[in-house]
Amino acid sequence: MNSLFLRMCLSFIKIGAFCFGGGYAAVGLIESEVVKTMHWLAPEQYINIIAIAEMTPGPIAANTATFAGYMMLGPAAGVFCTLSLILIPCILALLTAFFFEKVKNNPKVQVAIKGIRPAAIGIIAAAGISIAKAGITDIWSIGLFAIAAAIIFKFKKSPIIALLTCGVLGIVIYGIIL
Amino acid sequence: MFTIGGGYAMIPVIQDAVCHEKGWLSDEEFLDSISLTNSLPGPLATNAATFIGYRIKGVKGSISAVLGTVSPSIIIILLIAMIFNSAMENEFVQAFFMGVRPAVFALIVSAVYKLAKSAKVHKDMVSLAIALISFVVIGFLGVTPIIVVIAAAVLAILLDSVKKTEKGGTKNE
Chain A
0 MNSLFLRMCL
10 SFIKIGAFCF
20 GGGYAAVGLI
30 ESEVVKTMHW
40 LAPEQYINII
50 AIAEMTPGPI
60 AANTATFAGY
70 MMLGPAAGVF
80 CTLSLILIPC
90 ILALLTAFFF
100 EKVKNNPKVQ
110 VAIKGIRPAA
120 IGIIAAAGIS
130 IAKAGITDIW
140 SIGLFAIAAA
150 IIFKFKKSPI
160 IALLTCGVLG
170 IVIYGIIL
Chain Y
0 MFTIGGGYAM
10 IPVIQDAVCH
20 EKGWLSDEEF
30 LDSISLTNSL
40 PGPLATNAAT
50 FIGYRIKGVK
60 GSISAVLGTV
70 SPSIIIILLI
80 AMIFNSAMEN
90 EFVQAFFMGV
100 RPAVFALIVS
110 AVYKLAKSAK
120 VHKDMVSLAI
130 ALISFVVIGF
140 LGVTPIIVVI
150 AAAVLAILLD
160 SVKKTEKGGT
170 KNE
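Residue numbers (numbering that gives the first Met the number 0), protein chains in the order written: chain A, 0 to 177; chain Y, 0 to 172.
By construction, these hints were calculated from the structure, which means they are not laboratory data. Quantities reported herein were computed from a predicted structural model and do not represent experimental measurements. Hints are supplied without guarantee of correctness; some may be wrong.
Stated by the list, open to error - With a cut-off of at most 30 Å between alpha-carbon atoms, the simulated DSSO-like pairs for lysine-lysine come out as follows: (1) 119(Y) - 13(A); (2) 113(Y) - 153(A); (3) 35(A) - 113(Y); (4) 155(A) - 122(Y); (5) 56(Y) - 101(A); (6) 101(A) - 59(Y); (7) 162(Y) - 101(A); (8) 116(Y) - 153(A); (9) 155(A) - 113(Y); (10) 162(Y) - 122(Y); (11) 107(A) - 119(Y); (12) 132(A) - 59(Y); (13) 122(Y) - 156(A); (14) 119(Y) - 156(A); (15) 116(Y) - 107(A); (16) 156(A) - 116(Y); (17) 155(A) - 119(Y); (18) 113(Y) - 13(A); (19) 107(A) - 163(Y); (20) 59(Y) - 153(A); (21) 59(Y) - 13(A); (22) 116(Y) - 155(A); (23) 113(Y) - 107(A); (24) 113(Y) - 132(A); (25) 107(A) - 162(Y); (26) 132(A) - 21(Y); (27) 13(A) - 132(A); (28) 163(Y) - 101(A); (29) 107(A) - 21(Y).
I would like the entire structure built from these sequences, with the hints used as guidance.
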């Protein structure tokens with residue numbers, strides 16, 4: 000139990016150190032570690048976590064870590080997974096603030112970031128495979144995906160509206176019709 | 000606290016509080032700190048909080064700013080998580096989440112699309128190649144993302160130094 004707690008914290012420290020490119024990069028890295036490699040959570044559980052993390056205020060990466068930690072080992076794990084996730088980034092941000100003038104125009108760092116950014120896209124897209132497998136299960140879900148995509152891309156509405164709309168439609172389809 | 004929609008939604012809120020309400024930093028200093036912390040790993044909001052906290056009140060300022068940023072969301076998520084499992088026994092809640100799942104996939108697609116647009120992968124063959132190769136090796140060959148991140152950073156630095164030596168060579172002719 001304790002060793003699992005420790006391994007979980009280590010996993011999230013590792014994830015935090017490498018999640019360049021915003022919240023969804025963390026979503027992708029957590030998926031790879033927690034779902035695919037460690038099998039701590041099922042894809043169906045993880046997909047619910049993302050939905051709630053997106054609908055709740057606060058950084059999506061931190062929300063996902065809290066929820067995933069809670070689902071694995073309870074509230075303390077939720078807190079520690081989140082703190083583990085932000086440990087290395089916060090140390091780096093502190094060092095950046097410390098050496099502000101020196102880092103400001105360091106070209107090497109900028110070049111490395113330019114390479115990492117497209118890799119982050121690949122990481123998120125790869126996480127999308129297992130999310131698609133868990134999310135697109137029947138003909139109805141294809142329709143719901145199309146509706147969500149239209150809300151986000153065509154009508155430029157917030158993702159939360161897409162999630163809520165599809166959730167309500169889900170109640171109608173899976174709760175009442177089927 | 001009122002920042003549904005992730006890190007970028009937070010920027011104007013923080014800017015307003017830090018620069019205008021409290022007068023802790025100038026707008027320019029604030030934007031500098033955002034663009035710097037943006038290139039670090041991790042959530043933008045906590046990175047910016049660490050950085051801004053430090054500039055205002057040193058390490059103590061950092062710690063309190065970060066804890067202030069994450070504690071509301073930790074508390075909210077823990078509260079939701081506590082009722083989540085029992086709520087999931089209700090068939091309508093289950094049906095709600097069945098409907099939400101395809102929408103989560105749409106969110107991932109939109110995150111990929113937005114990042115691809117901001118990284119301008121369609122204009123740069125190298126970036127496009129890195130994105131596609133990362134996707135294939137992680138998604139289908141089971142390579143850990145961390146190795147891919149390191150490889151991409153090293154590759155970018157190598158390509159850049161090759162480019163520089165080429166430029167240097169033509170100047171000498």
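We went through each hint and held it up to the structure:
At most 30 Å may separate the alpha-carbon atoms for a hinted pair to count; residue 119(Y) and residue 13(A) meet this at roughly 28 Å. This hinted pair checks out: residue 113(Y) and residue 153(A) have alpha carbons roughly 14 Å apart, not beyond 30 Å. Restraint check for residue 35(A) and residue 113(Y): satisfied, since their Cα atoms lie roughly 25 Å apart, inside the 30 Å limit. Between the alpha carbons of residue 155(A) and residue 122(Y) the distance comes to roughly 24 Å, so the proposed pair stays at or under 30 Å and holds.
Our distance criterion of 30 Å between C-alpha atoms is met by residue 56(Y) and residue 101(A), whose separation comes to about 20 Å. Proximity of residue 101(A) to residue 59(Y) is assessed by CA-CA distance (about 22 Å); at most 30 Å being required, the pair is judged to hold. Note on residue 162(Y) and residue 101(A): the hinted pairing holds, with a Cα-Cα distance of about 24 Å set against a maximum of 30 Å. Restraint check for residue 116(Y) and residue 153(A): the C-alpha separation of about 16 Å stays at or below 30 Å, so the hint holds.
Only pairs whose Cα atoms come within 30 Å are accepted, and residue 155(A) paired with residue 113(Y) is accepted, the gap being roughly 12 Å. Pair hint residue 162(Y) plus residue 122(Y) holds up; C-alpha atoms about 18 Å apart against a cutoff of 30 Å. A threshold of 30 Å between alpha carbons decides the hint, and for residue 107(A) with residue 119(Y) the separation of about 20 Å falls inside it, so the pair holds. Distance check on the hinted pair: residue 132(A) and residue 59(Y) sit about 45 Å apart at the alpha-carbon level, beyond 30 Å; violated.
A threshold of 30 Å between alpha carbons decides the hint, and for residue 122(Y) with residue 156(A) the separation of about 27 Å falls inside it, so the pair holds. In summary, the hint linking residue 119(Y) to residue 156(A) is supported, as the alpha carbons are separated by about 23 Å, within the 30 Å threshold. Only pairs whose Cα atoms come within 30 Å are accepted, and residue 116(Y) paired with residue 107(A) is accepted, the gap being roughly 23 Å. Restraint check for residue 156(A) and residue 116(Y): satisfied, since their Cα atoms lie roughly 18 Å apart, inside the 30 Å limit.
Among the hinted pairs, residue 155(A) with residue 119(Y) is consistent with the structure: their alpha-carbon atoms are about 20 Å apart, no more than 30 Å. Straight-line distance between C-alpha atoms of residue 113(Y) and residue 13(A) comes to about 25 Å, which keeps the hinted pair within the 30 Å bound. As the CA atoms of residue 107(A) and residue 163(Y) are separated by approximately 12 Å, the hinted pair is consistent with the 30 Å bound. Restraint check for residue 59(Y) and residue 153(A): the C-alpha separation of about 45 Å exceeds 30 Å, so the hint is violated.
With a CA separation close to 25 Å, the supplied pair residue 59(Y) and residue 13(A) stays within the 30 Å bound. At roughly 15 Å between alpha-carbon atoms, residue 116(Y) and residue 155(A) fall within 30 Å of each other, so this suggested pair holds. Restraint check for residue 113(Y) and residue 107(A): satisfied, since their Cα atoms lie roughly 25 Å apart, inside the 30 Å limit. At roughly 22 Å between alpha-carbon atoms, residue 113(Y) and residue 132(A) fall within 30 Å of each other, so this suggested pair holds.
For the suggested pair residue 107(A) and residue 162(Y), the alpha carbons sit about 13 Å apart, so the restraint of at most 30 Å is met. This hinted pair does not check out: residue 132(A) and residue 21(Y) have alpha carbons roughly 48 Å apart, beyond 30 Å. At most 30 Å may separate the alpha-carbon atoms for a hinted pair to count; residue 13(A) and residue 132(A) meet this at roughly 26 Å. This hinted pair checks out: residue 163(Y) and residue 101(A) have alpha carbons roughly 22 Å apart, not beyond 30 Å.
Restraint check for residue 107(A) and residue 21(Y): not satisfied, since their Cα atoms lie roughly 35 Å apart, outside the 30 Å limit.
Hint check: violations occur at hints 12, 20, 26, 29; the rest are consistent with the structure.
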